[in-house]
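K.L.:
Chains as they are written, first to last, in the working numbering: chain A, 1 to 423; chain B, 424 to 746.
Calculated from the structure, these hints are not laboratory results.
Among these hints, one or two may not hold up.
Computed cross-link-like contacts, EDC-like style, restricted to lysine to aspartate or glutamate with a CA-CA straight-line distance of at most 16 Å [stated by the list, open to error]: (1) A:K203 / B:D660; (2) A:K314 / B:D515; (3) A:K2 / A:D41; (4) A:K6 / A:D381; (5) A:K420 / A:E167; (6) A:K2 / A:D46.
Derived list of chain B stretches under chain A, where covered just means 3 residues or more per stretch with a C-beta under 8 Å from a C-beta of chain A [said to hold, decoys possible]: (7) 528 to 538; (8) 617 to 627; (9) 686 to 698.
We put the CB at the ideal spot given by N, CA and C, even for glycine.
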Amino acid sequence: MKLIIKNGHVIDPSRGVDEVADLLVENGLISDQLKAGSTADADVFDASGLVVSPGFIDLHVHLREPGEEYKETIASGAKAAAAGGFTSICAMPNTHPVNDNASVTRYIIEKARDAGSARVYPVGAITRESKGAELAEMAEMKAAGAVAVSDDGRPVTNSQVMRHAMEYARDHNLVVVDHCECLDLSARGVMNEGRISTLLGLKGISSTAEESHVARDIMLAELTGARVHIAHISTRGSVALVRAAKAQNIPVTCEVTPHHLALTDAAVVGFDTNTKMNPPLRSDEDRAALIEAARDGTIDAIATDHAPHHSDEKMLEYDRAPFGVTGLETALGVVLTKLHYEHGIPLTRLIGLLTCGPARAFSLPGGTLAPGTPADITIFDPSREWIVDPQRFQSRSRNTPFTAWKLRGTVSATFVGGRKVFP
Amino acid sequence: MAFNSKDLLGIRELTVEDINTFLDTAESFKEVSARAIKKVPTLRGKTVINLFFEPSTRTRTSFEIAAKRLSADAINISASTSSLSKGESLIDTARNLEAMSPDAIVIRHPSPGVPHQLSGLLNASIINGGDGAHEHPTQALLDAFTIRGHKKRIEGLSVAIIGDIMHSRVARSNVHLLTKLGAHVRIAGPRTLIPPHYASIAGDSAGSLVVSNSVDDAIAGADVVMMLRIQRERMSDAYFPSLKEYSIQYGLTLPRLDLAERDCIVMHPGPVNRGVEISSEVVDSNRSLILDQVTNGVAVRMAILFLLVERQTRKPAQGEAQQ
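Produce the complete structure using the sequences and hints provided.
P.N.:
Structure, rendered in structure tokens:
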């Protein structure tokens, strides 16, 4: 089985490739070169005017299965990923039950295999039931296919438990991913603490609530030598902490979401609960610092924190609605529109943040078009305009803050292992 | 005089003209309550629903009396937010109310923004009767009406607002209103109960907003002192050590009031905790306008109901326009 992707603008930051070229896919792998006659019996995909990129990798999604299939399933989430150009997604463990043991990990992997769309890499819990007390069986989960550990959404408050988790994870070469939030400082907060929260009378979550845990984790990473990945950083202070840690060669990586790059807490005026997520949308200064960090390489990955919720749950009082927004199907458009077209960040940098950057952070396969690797490929039109209509999402949920936004950048085709999974 | 929005959601969205329209209209309604027969037929055949998701005696009763003195039918609904299906209750409550064709709905809710969320779903005029710590526009209007009645102006006055600023919708609405009309507002209270960004909320209004370092600084030379109710449960959240210490450090006493202008007036949105945020001597002194505030509340709410419902009557309803 052969496929030739012709005349595309091939951008592969993992190898410094940025040129118009043809790409040959053979037996599900990227082929080393185009040989004379090798294309005779190949399917042809005309990628003229399109960008051909390694498949996007999302380090942070919530697929809700098992337990909350009315919000999303592994299959619907994987389809939404493919529609958004993601060939690999990492599924956070805060399901019901929590992915804190190998049987749940295996269940997720089997469901993802049945779905036959984007690859799904489970992230195991750090502690049993993510309760922050006893360590989960990390090695067993890793053997079953987990790629990292996290108690996302229920951050480990006990610093000694976190230290042990890092020490143990290091033994098993697992990245520890942390949603950094001091729950005492953020208690009952629903949006960024600042002028807007003060105006609206909504309880704020201070930057300090995030930064104090980022600082703690960096210090523990230095102490333990474990690889630590800071999920969805949202503040200027967090950026500064990660930048300083990297300068000291502390093994820390971090990600940022498209919504923190595109929006500020001003979006909360009007009380649309689709502007409610955790960490919350921050100030202009925070957003500017995140954009700068995406540009200068302090940030390793753009991750969506795709967090589907049913509309019944989101149509609540602002302070009672659940945190979270979907992101898989708007990520490319938001990133290109806001970072490339508005802020002039080069495509190679942005594609790096969606491909080899996340692959390195979690030591995942993919994120490259190197010959001999599985043909996970995303082809997109970088300039085509579209209007966000949640009714057209593949995801089961519609909770996006970008409804009716005019974006530039659409996915033309997504290939996983040489097989077309979108459209 | 007319007001051109469907709803009264907050003071922040109002112009100076809007505010003066409400205050001037209230002047003409104040006289109704002084009559032997306290009723005018202005809103006969109109329906006003008081939808209260929080306990309230004062505001609810005030709106009920205001509606009845305008000959409207007033219905009180005390709703609970404690049911498990909160989401359904909010949206479905709105739809159920709409099905009964009310002309105005007064909403009080512990969550900020609920009146705003419902305003887009309902044809009735929504009046914010207090939403969490966000706004309480009718209280601010009656406070301004009371100040204006005694001081004959608001522009240039120094107004001290003292107490639990953080959780106070009354303080927020008053800050917006008073600074829009050119007053100089000083805020004071325990630092634990003043959000760090508070000084920025007034925006570029005609007046000014300052967060004072002490209650004495805020009261010094003030023309108006507004005390806010302190809630007992704040102690358990470690905002301050005890009610006793609170009353000594932050409470309003006659000696402390001597720091203010000699003709300074004292206000409180109620209900008062005597001996905590304000001493009985101050409450019962001739400088206290606390009961005038209650009296004026009826006139101001009559004006609000009149202006919002009358606006709807001025233009044909959607259904009629289609026929």
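K.L.:
Against each hint, give a clear statement of whether it holds in the structure.
P.N.:
Tested hints:
For the hint pairing K203 (chain A) with D660 (chain B), the CA-to-CA distance comes to about 14 Å; that is within 16 Å, so the pair holds. At most 16 Å may separate the alpha-carbon atoms for a hinted pair to count; K314 (chain A) and D515 (chain B) meet this at roughly 14 Å. Using a Cα cut-off of 16 Å, the hinted pair K2 (chain A) and D41 (chain A) holds, with the two alpha carbons roughly 7 Å apart. Taking the CA atoms of K6 (chain A) and D381 (chain A), the gap is near 14 Å; set against the 16 Å cutoff, the hint holds.
Restraint check for K420 (chain A) and E167 (chain A): not satisfied, since their Cα atoms lie roughly 41 Å apart, outside the 16 Å limit. Pair hint K2 (chain A) plus D46 (chain A) holds up; C-alpha atoms about 14 Å apart against a cutoff of 16 Å. Check on the segment 528 to 538 of chain B: 5 of its residues sit with their Cβ under 8 Å from a Cβ of chain A, so the three-residue criterion for coverage holds. A count of 6 residues in the segment 617 to 627 of chain B with a Cβ less than 8 Å from any Cβ of chain A is obtained; the coverage claim is therefore met, three being the minimum.
Against chain A, the segment 686 to 698 of chain B contributes 0 residues with a C-beta closer than 8 Å to a partner C-beta. That does not satisfy the three-residue criterion, and the hint is violated.
Hint compliance for this structure: hints 5 and 9 are not met, and every other hint is.
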